[in-house]
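Novice: So you can see what is in the structure, the chains are spelled out below.
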Amino acid sequence: EAGVVQSPRYKIIEKKQPVAFWCNPISGHNTLYWYLQNLGQGPELLIRYENEEAVDDSQLPKDRFSAERLKGVDSTLKIQPAELGDSAVYLCASSLGRVGQETQYFGPGTRLLVL
Amino acid sequence: LAKTTQPISMDSYEGQEVNITCSHNNIATNDYITWYQQFPSQGPRFIIQGYKTKVTNEVASLFIPADRKSSTLSLPRVSLSDTAVYYCLVGELPGSARQLTFGSGTQLTVLP
Chain A
3 EAGVVQSPRY KIIEKKQPVA FWCNPISGHN TLYWYLQNLG QGPELLIRYE NEEAVDDSQL
63 PKDRFSAERL KGVDSTLKIQ PAELGDSAVY LCASSLGRVG QETQYFGPGT RLLVL
Chain B
25 LAKTTQPISM DSYEGQEVNI TCSHNNIATN DYITWYQQFP SQGPRFIIQG YKTKVTNEVA
85 SLFIPADRKS STLSLPRVSL SDTAVYYCLV GELPGSARQL TFGSGTQLTV LP
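Read top to bottom, the protein sequences are chains A and B. Numbered according to the numbering used here, the first sequence spans residues 3 to 117. Numbered according to the numbering used here, the second sequence spans residues 25 to 136.
Looking at chain B on its own, in the form it has when it is part of the complex:
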C-alpha cells in the first residue's frame, strides 16, 4: 500500500489560505489521491479527489505535480469551523485488492 506522510499539525488564522502537503513517494500508476476532513466525534468527510494536475471544487483545490509523489490540499480563506483533522489517502478505486489507507492526518487549528 502506498504510504503517505503529512505534517502532524498546522496553525492558521481566519481568512488565510492554508496549504497542507502530503508526500506519497511510492504512489502507483493506478492510484488516486483523496482528502478527507474529520471533526471531533464525527466520521471523516470526503473533501476532494484527483489523479493529476489540479482539481477544484466548492470547498478546496488539490494540486498534484507531474511526478505525483506529493499533493497539496489548498483551503481558501479558512474560518474557525475549518479546524479539523485532514487526511491524505492514496489508493485504487474499487475492484482492486488495494485499499485506501488513512495515516495519522494533519490537525489544522484556525485561530481568530
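Looking at chain A on its own, in the form it has when it is part of the complex:
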C-alpha cells in the first residue's frame, strides 16, 4: 500500500515569491493534516481536514497561507508571499479519522528554503 505522497521534496525560492506544496494521502483516509516543522522542534499543526472540510485551521497564518482539499482527497498548501521565516519542513499526514483508528501516517515532507 502506498504511503502519503508529497511533492516536491525540496524547494528553494526567493522571499516574496509564492510556493505550493502538494499532498496525496493514503487511499481511504478521510482526515488530512498539514504540519510545519522547524529544525530541532516537533511538528506543529497548521490545518486539519475531515474530508473536504477544514475543521481546525486556528494555527494557519491566514494572511499568507492557504490550503484546499478539493473532493476530499489531494490537498495543496500555498504560501504567498513567502518570508525568510517560512523556511522549514512541511509535513502532510493522513488518518482514517475513526475512533480507534486515528493513527497518523506522515509523508516525507517538503523542505522549503526561502532566500
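I should point out that these hints are in silico values taken from the structure, not numbers from a laboratory. Hints are not guaranteed to be accurate.
Unchecked claim - Partner residues are not named here, just some residues of chain B that face chain A (Cβ under 7 Å, in silico):
1) Q66
2) G67
3) P68
4) F70
5) Y111
6) F126
7) G127
8) S128
9) G129
Quick reminder that beta carbons are idealized off the backbone N, C-alpha and C, glycines included.
Fit chain B to the supplied structure of chain A, relying on the hints for placement.
Specialist: Okay, now just chain B, sitting in the frame of chain A:
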C-alpha cells in the same frame, strides 16, 4: 492542550533496554498517550498508543501508571537503527476539538 515534558536527549548502547519517560501532569480523562519516532529527513512514524496500564506491540512497550501523569516508552534491546527522535503526545481521538500536540521530543542516540 495537555503539555508533555521529555528529556532532550538520551544515549544508550546496542543491546540495552531504553526507557524514555514523558511527563503529562494535566492529562484529561479522555486523553490517550501516543508515541512517534522520527528519523532524519522523514516524517514521524507511529510506535504505540495507550490509555492506562501497559501496552505492548512488536516494537515497544508503553507503561502508564494509575494516575496517568506520566508514561514510559520501553524499547527492548536497541540497535543502531533505533537512533531517532521520539515524541510523546497526549490528545483526544478525532471528533474532538483537541488535537495531538508534538513537543520537542527526545533524541535517542544508540552507540556501538
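Novice: Against this structure, judge whether each hint is valid.
Specialist: Going down the list of hints, with the structure as the test:
1. Q66: holds, 6 Å
2. G67: Where the cut-off is 7 Å and the nearest Cβ of chain A is about 3 Å from B:G67, the hint holds.
3. P68: Interface hint status for B:P68: holds (5 Å vs cutoff 7 Å).
4. F70: The hint holds - B:F70 has a Cβ within 7 Å of chain A, the shortest such distance being about 5 Å.
5. Y111: OK, holds: B:Y111 within 7 Å of chain A, min 6 Å.
6. F126: Since the shortest Cβ distance to chain A is 3 Å, the answer is holds.
7. G127: holds, 5 Å
8. S128: holds, 6 Å
9. G129: Cβ of B:G129 sits 5 Å from chain A, so the hint holds.
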